[in-house]
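*Asks:* Here's the letter readout for the chains.
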Amino acid sequence: MKTELEKPSFALSMRGVNKTFPGVKALTSVDFDISKGEVVALIGENGAGKSTLMNILGGVHQPDSGEIKVNDKIVTIKSVSQADSLGIGFVHQELNILDNLDVSANVYLGREPRKLGIIQKNIIAEKTNPFLKVLGLDISPDTPVAKLSIGQQQLVEIAKALSKEAKIIIMDEPTSSLTLSETDKLLNVISDLRDKGISIIYISHRLGEVSACADRVVALRDGENAGVLAKDEITHNRMVSLMVGRELERTTNTNGSKIDQSKGFETKDIITSTYPNNKVSFKISSGEILGMAGLVGAGRSEVAQTIFGVDPNLGGSVYIDGKEIKRGSAKASINSGIYLAPEDRKRTGLITQFDVSMNVSLASLEKHSNGLGIINNESEKITANQQIEKLNIKTPSAETPVINLSGGNQQKVVLGKWLSMNPKLLIFDEPTRGIDVGAKAEIYKLMRQLADKGVAILMISSDMEEVIGISDRIAVMHEGKITGILGRNEFTEENIMHLAVGGSSES
Amino acid sequence: MNNSKLGFINNNRRELGMLGLLIALIVITSWGTRESGVQALFESKFLSADNLKNISREIGIYGIFSIGVGIVIITAGIDLSVGSLMALLGVVFLYFVTPPETRPDSFLAKIIPEIPWLAAVLFTLLIGTAIGVFQGLLVGKLKLQAFIVTLCGLLSYRGLARFSADDTSINISDSSQNLEFLRFLGEGSLSDVLSNGNGSGFLHSIPMSFIYLLCFAIFFGVLLHKSVFGRYIFAAGRNELATKYSGINTNIVIAFAYVIAGFCTAFAAIPFCIYTGSVQPATHGAFFELYAIAAAVLGGCSLRGGEGSIIGILIGTAILIVLRNMVNLFGYPTPLSDAITGGVIFVGVLLDQHGASSIKRIFSKKPVSGN
Chain A
1 MKTELEKPSF ALSMRGVNKT FPGVKALTSV DFDISKGEVV ALIGENGAGK STLMNILGGV
61 HQPDSGEIKV NDKIVTIKSV SQADSLGIGF VHQELNILDN LDVSANVYLG REPRKLGIIQ
121 KNIIAEKTNP FLKVLGLDIS PDTPVAKLSI GQQQLVEIAK ALSKEAKIII MDEPTSSLTL
181 SETDKLLNVI SDLRDKGISI IYISHRLGEV SACADRVVAL RDGENAGVLA KDEITHNRMV
241 SLMVGRELER TTNTNGSKID QSKGFETKDI ITSTYPNNKV SFKISSGEIL GMAGLVGAGR
301 SEVAQTIFGV DPNLGGSVYI DGKEIKRGSA KASINSGIYL APEDRKRTGL ITQFDVSMNV
361 SLASLEKHSN GLGIINNESE KITANQQIEK LNIKTPSAET PVINLSGGNQ QKVVLGKWLS
421 MNPKLLIFDE PTRGIDVGAK AEIYKLMRQL ADKGVAILMI SSDMEEVIGI SDRIAVMHEG
481 KITGILGRNE FTEENIMHLA VGGSSES
Chain X
1 MNNSKLGFIN NNRRELGMLG LLIALIVITS WGTRESGVQA LFESKFLSAD NLKNISREIG
61 IYGIFSIGVG IVIITAGIDL SVGSLMALLG VVFLYFVTPP ETRPDSFLAK IIPEIPWLAA
121 VLFTLLIGTA IGVFQGLLVG KLKLQAFIVT LCGLLSYRGL ARFSADDTSI NISDSSQNLE
181 FLRFLGEGSL SDVLSNGNGS GFLHSIPMSF IYLLCFAIFF GVLLHKSVFG RYIFAAGRNE
241 LATKYSGINT NIVIAFAYVI AGFCTAFAAI PFCIYTGSVQ PATHGAFFEL YAIAAAVLGG
301 CSLRGGEGSI IGILIGTAIL IVLRNMVNLF GYPTPLSDAI TGGVIFVGVL LDQHGASSIK
361 RIFSKKPVSG N
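Just so you know, the protein sequences line up as chains A and X, in that order.
Mapping to this note's numbering: the first sequence position 234 is 234, numbers consecutive.
Mapping to this note's numbering: the second sequence position 282 is 282, numbers consecutive.
A few of these clues could be false.
[As the list claims (entries may be wrong)] 30 Å max Cα-Cα, derived DSBU-like pairs, lysine-lysine:
no., chain 1, residue 1, chain 2, residue 2
1, A, K115, A, K164
2, X, K226, A, K394
3, A, K367, X, K141
4, A, K331, X, K226
Hints listed in this document are in silico derivations from the structure and should not be mistaken for laboratory results.
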């Protein structure tokens with residue numbers, strides 16, 4: 001057999017990878033290649049399948065079908081340790097670092113050189129040093145990790161991967177919590193590593209960084225390959241159009257008519273604890289649905305939680321129908337008619353072991369009790385049954401624990417809790433996550449009905465189709481700031497994505 | 001009462017199972033302690049009027065503080081300070097009713113004035129409740145771990161009790177007040193209280209502490225199972241975050257559970273120290289916190305929070321007391337009593353969680369591996 005000298009040999013190649021999770025097709029016949037000493041950026045919207053693909057490579061998930069070759073040998077990666085031994089290192093977005101240990105102990109965690117069971121501390125330190133040098137980390141190996149900045153901790157994670165002789169390093173959103181100068185440093189480290197022949201898969205929403213460091217861009221969309229850009233083709237616009245791709249058929253938006261500008265909700269200069277330097281202001285008229293788009297981590301949920309009063313009040317003010325309302329607790333917001341249907345229904349929206357009726361009444365028990373604080377079960381049940389009927393909640397009875405209901409019906413129970421009261425602003429945080437198509441449509445219809453009754457609605461969603469189809473206006477957030485508010489005629493995925501990755505609305 | 005109990009049995013397998021265990025224990029003990037010959041169960045030592053009176057007195061005292069601890073457990077917390085608090089409050093209460101010159105030479109003994117017994121009762125309740133407020137704020141408001149906060153309580157209240165009593169026993173007999181009526185209230189029977197010590201008949205076999213327990217059970221039963229506040233307790237215990245997201249100040253709700261526990265402990269401490277007649281601070285009330293936890297858990301409270309009932313706690317308490325009484329009446333060595341109690345709780349909880357099959361599995365493992 002002849003060796004084909006001219007054909008580049010890939011360090012890694014994935015072919016036709018399929019992966020299905022219960023109810024979701026996460027990856028459909030995805031191909032991915034990377035050669036020695038190459039930096040490949042993997043881009044895509046939330047839920048496009050980037051993490052699933054990388055988790056398959058890192059041994060976290062197994063593919064349903066498909067072929068993975070490392071150095072032209074077919075492999076199956078059944079576990080994280082197997083990925084390690086194949087030379088695949090994974091630096092996760094959430095750092096897997098033990099901050100009670102020092103740097104060298106983290107680098108050699110689980111692989112400590114030992115003698116008679118005693119860890120040879122000085123040997124570890126000696127072995128760690130060269131990796132720190134390579135990464136330009138000017139610290140002693142016995143520095144406690146807790147004393148390092150996030151950027152330095154990230155580099156320690158990379159050192160750990162290098163110490164396992166990783167040939168391919170996957171970096172998942174490595175810069176999401178780094179400062180600007182730390183980011184620059186990391187990009188330098190990446191190009192150094194590339195020069196040493198290490199391949200890097202770089203996942204990021206920050207398209208600026210991608211164009212700065214990537215040799216090639218691979219885009220995924222809806223679990224499929226969306227396209228590849230060579231080094232000289234990498235531009236902001238081309239990446240955005242690859243990520244967004246298809247034209248959407250618009251869900252027809254029947255509305256606008258009932259919007260009353262004189263009434264509604266307004267917030268001025270509120271501050272969230274995640275982005276304390278950014279002030280957020282916006283307005284939602286009575287009868288209007290304001291969609292809020294942005295990438296994961298843009299600070300949208302934090303804005304919702306701050307308005308609702310479960311996150312601390314760090315400043316700014318909130319108005320309902322022009323009157324400033326009292327803030328500082330969820331109770332105060334609820335009393336002013338501000339309600340939140342939170343993102344994580346099971347954790348914050350519902351007490352899943354409680355029955356439907358108890359969940360519906362939880363926020364308004366005072367209404368269902370007498371002067372002595374004794375609950376009137378009759379009135380509680382009547383209200384619950386009204387909501388079950390109105391929202392078409394499919395449940396055997398009002399006494400069924402909500403844990404036994406489907407996701408869509410659970411979401412309706414959360415709504416039932418608030419609709420049994422008197423909403424002025426209803427915040428939906430990812431209202432249709434994990435909900436089937438039928439229930440989705442019902443929830444959209446309900447939102448519009450509520451708006452028509454004069455409720456102001458804030459809908460936070462990472463689902464583009466949903467944001468474009470349902471909203472009257474769309475506010476886009478990026479790193480704790482509203483980068484733009486789009487009117488109906490400006491609704492395009494490109495516009496939204498452009499703002500979501502930090503572009504300004506003028507360009 | 002009967003009606004709500006029936007509804008209970010329908011809804012709560014746990015309580016039903018434990019009630020079965022209690023009845024089984026009663027039948028076994030009655031059978032084992034019956035007079036010689038084939039006589040009716042009802043003529044056993046266990047079912048004698050005196051024994052029943054003693055048991056119900058103990059159930060009364062233990063039941064009251066177990067209700068407090070049970071409510072804390074329903075909020076997904078724990079209260080380990082109960083036994084030590086009983087010792088401290090016992091010392092304080094006896095200091096209140098004894099003249100300063102009879103007390104040992106210690107700092108608390110010097111600062112606590114002698115006051116009439118009714119005032120002493122009220123102040124003791126107040127101090128217990130205040131300690132509950134303190135622990136409640138630490139756990140509910142400052143979000144310190146309940147286990148740690150009340151463990152510190154367990155150590156420091158006992159230490160304080162021993163220090164302030166100079167580690168000697170404090171006797172109620174040192175009091176120069178006329179405490180006859182207090183004694184009736186504390187260790188006497190319903191008829192003692194009604195007829196000033198001349199009671200007899202059925203009412204005479206109902207100890208006051210049992211009456212108190214019934215009042216506590218009804219009051220806290222309504223509070224926990226019928227009121228808005230009770231709903232908040234269960235909600236906060238199940239899912240504190242979701243409860244907060246419904247606009248409920250869970251910090252206060254959780255803190256209040258510890259206040260209830262402090263009050264219940266203080267209330268139980270008084271009849272208990274009158275009954276014992278003296279407080280030996282090193283041992284008074286030792287392990288009571290664990291009996292309370294055992295009673296609550298036996299009665300269906302989950303240490304994960306959000307589960308449990310007052311009736312369950314009462315049944316759990318009764319099981320503990322009947323078990324101890326059984327060990328006594330059967331003439332087993334007293335030191336064995338805790339071991340037997342522990343074993344029964346273990347089997348009871350195991351049966352409840354996994355059913356009979358798991359026990360079978362545990363015991364069938366050996367023969368299988370032997371083959």
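*Asks:* All hints are to be evaluated individually against the structure, with a verdict given for each.
*Replies:* Each hint tested on the structure:
1. K115/A with K164/A: Given that 30 Å is the threshold and the Cα spacing comes to 20 Å, the pair holds.
2. K226/X with K394/A: OK: K226/X and K394/A at ~27 Å, within 30 Å.
3. K367/A with K141/X: holds, 27 Å
4. K331/A with K226/X: holds, 22 Å
Of the numbered hints listed earlier, not one is contradicted by the structure.
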